[in-house]
Structure formats: C-alpha cells, structure tokens
Amino acid sequence: MFTTTTLRRVLAATTLSLASLAAQAGLINVDASNSGWYTSSGSQNGTTANLNADSSGPAGQTRNNWLGFDLTGVTGTIVSARLEVASDPQNDSGQLFSWSGVSTPYASLGTVSSVAIFNDLGDGPIYAQGTHTAGIINLFDINGAGIAALNAALGSMWAIGGSHDGAGGIDAFGFTSGVNQGDHLRLVLNTAAVPEPTGLALCGLGIAAFGARRRRV
1 MFTTTTLRRV
11 LAATTLSLAS
21 LAAQAGLINV
31 DASNSGWYTS
41 SGSQNGTTAN
51 LNADSSGPAG
61 QTRNNWLGFD
71 LTGVTGTIVS
81 ARLEVASDPQ
91 NDSGQLFSWS
101 GVSTPYASLG
111 TVSSVAIFND
121 LGDGPIYAQG
131 THTAGIINLF
141 DINGAGIAAL
151 NAALGSMWAI
161 GGSHDGAGGI
171 DAFGFTSGVN
181 QGDHLRLVLN
191 TAAVPEPTGL
201 ALCGLGIAAF
211 GARRRRV
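Numbering (our numbering), first residue to last: 1 to 217.
I should point out that these hints are in silico values taken from the structure, not numbers from a laboratory. Among these hints, one or two may not hold up.
[To be verified] Taking CB as the label site, the calculated pair distances span:
hint: 1; residue 1: Ala145; residue 2: Pro105; range: 19 to 29 Å
hint: 2; residue 1: Glu84; residue 2: Met157; range: 10 to 20 Å
hint: 3; residue 1: Gly26; residue 2: Val115; range: 17 to 27 Å
hint: 4; residue 1: Glu84; residue 2: Pro125; range: 18 to 28 Å
hint: 5; residue 1: Thr72; residue 2: Ile126; range: 34 to 44 Å
hint: 6; residue 1: Leu27; residue 2: Ala116; range: 31 to 41 Å
hint: 7; residue 1: Val115; residue 2: Leu27; range: 33 to 43 Å
hint: 8; residue 1: Gly144; residue 2: Ala193; range: 14 to 24 Å
hint: 9; residue 1: Ala193; residue 2: Thr72; range: 12 to 22 Å
hint: 10; residue 1: Gln61; residue 2: Asn190; range: 30 to 40 Å
hint: 11; residue 1: Gln90; residue 2: Val188; range: 32 to 42 Å
hint: 12; residue 1: Thr72; residue 2: Ser108; range: 28 to 38 Å
Quick caveat, the model's predicted, so the values are computed rather than measured. For every residue, glycine included, the Cβ atom is placed at its ideal position computed from N, Cα and C.
Using the sequences and the hints, build the whole thing.
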C-alpha cells in the first residue's frame, strides 16, 4: 500500500526523472570536418576549409561542392536539422541552392578526381533548398529525407552535396575561409533523447502509485 509520504516521494522522483530525460535532448552544433568542390571536368580541390559552387570555374566549367560532418559522437534521434553556410559578400545573390544526398564513399571525396563524383554531388535526393544571399550565414532546413539519412549515418562520417541553378559566370557561393562571417559550415541538430531504463522505471512506478492512490480515494 502506498502511504501519502511514499506517494509524494515517488512522484518527486518521477518529476526529477522526467526533467532529466528532457535535459538530455537539445541542440547539437556539428562543424564541417571537411569540404571542397569538384568541377564538371572531374578535377577537385582536395579537402579544405572552403567550398565553392558556381558556373564560373576554370575554362567556363561549373562546380559542385560537398561538406563532410563527423557524427560519431551524436546520440539519440535527430528530429530536425538545419545547415548553416556563410557566404562571401562579394558573391551574387538570388540563386536557388540545392543540397542533396551523396552516394560516393566518404573516403573518396577530395581524394579521387572524377566526373562521376561531380555529378553525384548534384543529382542525389534533395535534402534542402533555398535562395542564396551574399554576405550572410545562409540557413537551409533539412527535410524528412535528409533527417532519415542523418539518423542512418549516426556513428559515422556523413557528406552532403551542393549545387545551384546559376547561369554562366554566376557565383552562388564563394570561399568561406577568412570572409566576414568566418569559417561557418555547420549542421545544427535537434535531438530527442533515448530514455534510460532507470528513468523509464521511475516514470512507470510513479504512474502506478498515482493510479493506486486514486483507486483508494
């Protein structure tokens, strides 16, 4: 039988348990570990702190870019996410920028030159889209397909490809290293915590105690 004192103690423990579970969830900032670009001829710039996607590359070639993120330390379940990318103020604004899934093995990005990789960075499933604005940190909300891909990649490295619809000579993004916004290539992840067994047990005990108390009243 639950006494009033016991019930109060159990309910207090339940409240603390629920607060603890809520505290485990929250926003996680993951800065890009690597980034780079590929031209339409298959050349690439290695792995750097820069990205560039434009239609004014060498000899009129276009460029697609990629960002790599280390998700090995991310736990829980990602429920929403956004991509934050700084842009050089000298770039052009108004271009639709698309971020898409990448099937190329992560280890090949920035190490293997290939037209196929250039294509892969621009023709995968779309994870986010938005109009580029020069001189600010551009925010791109990741869609459901992207969230599913992120959750599937937890515990490993994850890459996303970028391309734009600009006409010849238009820069959608320039180098982000050393510009006014600094090096800002970031994923902001909103995670839901995975409840600990002890927390679930306390919650269950609290509910049971409350139910028993109500039946006796």
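Taking the hints in turn, this is what the structure says about them:
no.	hint	verdict
1	Ala145 - Pro105: 19 to 29 Å	holds, 20 Å
2	Glu84 - Met157: 10 to 20 Å	holds, 19 Å
3	Gly26 - Val115: 17 to 27 Å	violated, 42 Å
4	Glu84 - Pro125: 18 to 28 Å	holds, 21 Å
5	Thr72 - Ile126: 34 to 44 Å	violated, 26 Å
6	Leu27 - Ala116: 31 to 41 Å	holds, 36 Å
7	Val115 - Leu27: 33 to 43 Å	holds, 38 Å
8	Gly144 - Ala193: 14 to 24 Å	holds, 21 Å
9	Ala193 - Thr72: 12 to 22 Å	holds, 18 Å
10	Gln61 - Asn190: 30 to 40 Å	holds, 37 Å
11	Gln90 - Val188: 32 to 42 Å	violated, 26 Å
12	Thr72 - Ser108: 28 to 38 Å	violated, 19 Å
The structure fails to meet hints 3, 5, 11, 12 from the earlier list, while all remaining hints are met.
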